[in-house]
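K.L.:
Residues per chain, in single letters:
2 protein chains.
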Amino acid sequence: MLKAMLEPKSIAVIGASRTPGKIGYVVLRNIIGYGYSGRVYPINPHANEILGLKAYPSVLEVPGEVDVAVITIPAQEVPKAIEDCGRKGVKVAVVITSGFSEVGNVELEERIVKIAREYGVRILGPNIFGYAYTPRNINATFGPMEIEKGNIALISQSGALGIALMGWTIMNEIGLSALFSIGNMADIDVAELSELLIEDPHTRVIAIYLEGIKPGRGGEFVEKMSKVTREKPVVAVKAGRTSRGMRAVASHTGSLAGSDQLYEAAFKQAGIIRAYTVEEMFDIARAFAQQPLPRGENTVIITNGGGVGVLATDAAELTGVKLLDPSPQLIEAFKQTMPWFGSPKNPVDLTGQAVVDNYLKALKVAVESPEVDNIVILYCRTAVLDPRDLAKAIVEFYEENKVEKTTVTSFVGGQDAYDAMRYLNRHNIPSYSSPERAINAISKMIWYVKYREAKRKK
Amino acid sequence: MLKAMLEPKSIAVIGASRTPGKIGYVVLRNIIGYGYSGRVYPINPHANEILGLKAYPSVLEVPGEVDVAVITIPAQEVPKAIEDCGRKGVKVAVVITSGFSEVGNVELEERIVKIAREYGVRILGPNIFGYAYTPRNINATFGPMEIEKGNIALISQSGALGIALMGWTIMNEIGLSALFSIGNMADIDVAELSELLIEDPHTRVIAIYLEGIKPGRGGEFVEKMSKVTREKPVVAVKAGRTSRGMRAVASHTGSLAGSDQLYEAAFKQAGIIRAYTVEEMFDIARAFAQQPLPRGENTVIITNGGGVGVLATDAAELTGVKLLDPSPQLIEAFKQTMPWFGSPKNPVDLTGQAVVDNYLKALKVAVESPEVDNIVILYCRTAVLDPRDLAKAIVEFYEENKVEKTTVTSFVGGQDAYDAMRYLNRHNIPSYSSPERAINAISKMIWYVKYREAKRKK
Chain A
371 MLKAMLEPKS
381 IAVIGASRTP
391 GKIGYVVLRN
401 IIGYGYSGRV
411 YPINPHANEI
421 LGLKAYPSVL
431 EVPGEVDVAV
441 ITIPAQEVPK
451 AIEDCGRKGV
461 KVAVVITSGF
471 SEVGNVELEE
481 RIVKIAREYG
491 VRILGPNIFG
501 YAYTPRNINA
511 TFGPMEIEKG
521 NIALISQSGA
531 LGIALMGWTI
541 MNEIGLSALF
551 SIGNMADIDV
561 AELSELLIED
571 PHTRVIAIYL
581 EGIKPGRGGE
591 FVEKMSKVTR
601 EKPVVAVKAG
611 RTSRGMRAVA
621 SHTGSLAGSD
631 QLYEAAFKQA
641 GIIRAYTVEE
651 MFDIARAFAQ
661 QPLPRGENTV
671 IITNGGGVGV
681 LATDAAELTG
691 VKLLDPSPQL
701 IEAFKQTMPW
711 FGSPKNPVDL
721 TGQAVVDNYL
731 KALKVAVESP
741 EVDNIVILYC
751 RTAVLDPRDL
761 AKAIVEFYEE
771 NKVEKTTVTS
781 FVGGQDAYDA
791 MRYLNRHNIP
801 SYSSPERAIN
811 AISKMIWYVK
821 YREAKRKK
Chain B
371 MLKAMLEPKS
381 IAVIGASRTP
391 GKIGYVVLRN
401 IIGYGYSGRV
411 YPINPHANEI
421 LGLKAYPSVL
431 EVPGEVDVAV
441 ITIPAQEVPK
451 AIEDCGRKGV
461 KVAVVITSGF
471 SEVGNVELEE
481 RIVKIAREYG
491 VRILGPNIFG
501 YAYTPRNINA
511 TFGPMEIEKG
521 NIALISQSGA
531 LGIALMGWTI
541 MNEIGLSALF
551 SIGNMADIDV
561 AELSELLIED
571 PHTRVIAIYL
581 EGIKPGRGGE
591 FVEKMSKVTR
601 EKPVVAVKAG
611 RTSRGMRAVA
621 SHTGSLAGSD
631 QLYEAAFKQA
641 GIIRAYTVEE
651 MFDIARAFAQ
661 QPLPRGENTV
671 IITNGGGVGV
681 LATDAAELTG
691 VKLLDPSPQL
701 IEAFKQTMPW
711 FGSPKNPVDL
721 TGQAVVDNYL
731 KALKVAVESP
741 EVDNIVILYC
751 RTAVLDPRDL
761 AKAIVEFYEE
771 NKVEKTTVTS
781 FVGGQDAYDA
791 MRYLNRHNIP
801 SYSSPERAIN
811 AISKMIWYVK
821 YREAKRKK
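One line per chain: the protein sequences are A and B, in this order.
Heads up: the first sequence begins at 371 in the numbering used here, then just goes up one per residue.
Heads up: the second sequence begins at 371 in the numbering used here, then just goes up one per residue.
These are calculated hints, taken from the structure and not from any lab test.
You may find that some hints are simply not true.
[Stated by the list, open to error] What follows is a set of in silico ranges between Cβ atoms, one per label pair, in the way DEER data are often shown: (1) GLU823/B with GLU562/A: 52 to 60 Å; (2) GLU562/A with ASP727/B: 37 to 45 Å; (3) LYS828/B with GLU516/A: 57 to 65 Å.
Just so it is clear, CB atoms sit at the ideal spot from N, CA and C, and this is done for glycine as well.
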């Protein structure tokens, strides 16, 4: 059933509007503009045509089948629309409309769920900004029309934040496979959506902004999410960690946040990686989306700056990343890649005199050594090495040698270092604005692999 | 004596070079190119003129006085140069040259210090990239020529990181008053430099990247830094927090890092704000540089997105920022600024329908209310409010009303939200990529005010 959202043959927009700026207009424009190739049916009793498409007075009048109906009409009219959807055989109703339990209108929300159940229609929402699935060019949201394509599925319980993140992910070139606004979760919840994504070949990692699950459904949440994390990593921010934050949640989505310790325990049990900020969530998700899973925990840091090497070393120790103690042979091999005053131990410090060649030699040693599982490449802007040259060389090296060792990078410098990091990111080598963020991301990958192995052994 | 670095009437570059790319060339080019208006003397026995300036074979041949000498010649020749400086009456020798204690050459380092002491010359370095003082257009480094001017003094024990941060601060439009590379700290140390900056009217906050102070000088460090923090906030990153990080420090600068608990205690005693990443250090320093100190701890969050409001609330609770419980009157006043379904409590949620006018009204209420000390402005990208319009309106409001309440902001969205944040930052309203970072910055400001008040009462 839910799968219809990912592969709908047709989408109806109930409440499609001819007025630019209106939600019913923006949703329809986004569906068409982002390139969805299935059939699209605007539903509006007062229009014959909207945005070049024939409009229908009711979903019941649509000639063909309707898999997904996006609903943007006023709350009071939603029950009738859901009933129409039921009679039409719509599989999922995406209820964007707000004015339900989040403003105390619990009864109306219960009513639409009841009707939906009668007919076997599933409801996403209400009180959401829509959903998107980029492999099929579906953008059924009232956010920006463009969505960067990629392998991260984002599920957001906050509408405003979710929409804002649509722009944010574009700016940061973070690619999404899917995007779900879940709002009041009257029917479909975060666990069910995550389950749906297990089989999705375009999703490598699931990122969730969560304010709270429904009371009494903790056990089900843990059970379902455990199944998900056996197959795919899940990274989640749980907002409402503090008592005051929980009160803010209550006045925001009306959901009961529940004690943070409970969530902490549930996440741990379910193998969900907990991020503490949205930025951190994407830091981690990017690494999973772009890199192979670590094959082990022995990590090597290669740097041209002692300071960032120290910062990364601290971060590794604090996040449980095991820094390899290289064998004498490996130390000797690293020694050949650097000036005499460099440091061949871990961190491997190529010194500020390092040029592209030093990095490539050290990378070659690291990639070929069976001792090394993961690689952290750091760079500080120097006069002798343009970061863009280094980024290009790294990408070329990784592509030519089909490197399978998990790698993260961090470049510190000005605009050119920033550009170099964008280049790396665009070529699936995750790059971070600080060594600590790079280390944190890889630490979570290593944790996940260990978690999953332990789980699978059971 | 040290003050000569901030107001030198003349600078000599011992080892000035005609060869582009050489350190002795870059330093001279930067001093000239960044616009230093005092006299500049290239010292090079093999040249008559360098970069359009008359060159002298020795600093002793310079006709006028020399306040500061920047030294870039090979290590073995440095003792002689220091002696010349002494005979010439140079006040500070900035020894860029490396090859001293950091590579085990302790004896040579001790020798130059001994000579310097005999003549009363002070030494910055050796093994540094130079120093800068932007109010006088002094850039005596071999980093980039441009330095963004501002009110943060940066002291870096790591050369590579410091240089990389020169580019990074430009890209992020973070303004510096001064920049000191301290390297081996053979003579002038971080505490003395901080003391020097107490009286500097252009420095509002001191940011320090520290790997370790000299053994046995902990007491002196605490004493001097306590004096500094009574007048100006100091934010420091201490690298080498973990045992492995400390080993990395030892192989990097050769300095003994000492146990992290000792530093933790010393920082606390000295009133130094500890940052855990370089990004965090600048987050905090920016707030101090741009905003007035908090007049109290009652903080109000104004937002158009519930989700970011919750994240900020959590962050406030976790960092000890006291969120105001508004009086009934204040709640009523906030109520007038928002749609009926908004939340007038704290966080003040103007809802996703908020436009500029809602924000301005809420800001007016917050600024005029005696209950409110500090303001956190959050924004999530919506279709109804362009973040650039909001940023302009905020800046105008703050400038017109000469708002004296400490304010930080965070906008979540795409390129336009990013541009809006740049605009805010450029107009002294610090803006951060996440609500948590904004809250963290203001939490440290509030902490500092309390610390200082307690200290001054004693």
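K.L.:
Are any of the numbered hints broken by this structure? If so, which, sorted upward?
P.N.:
none
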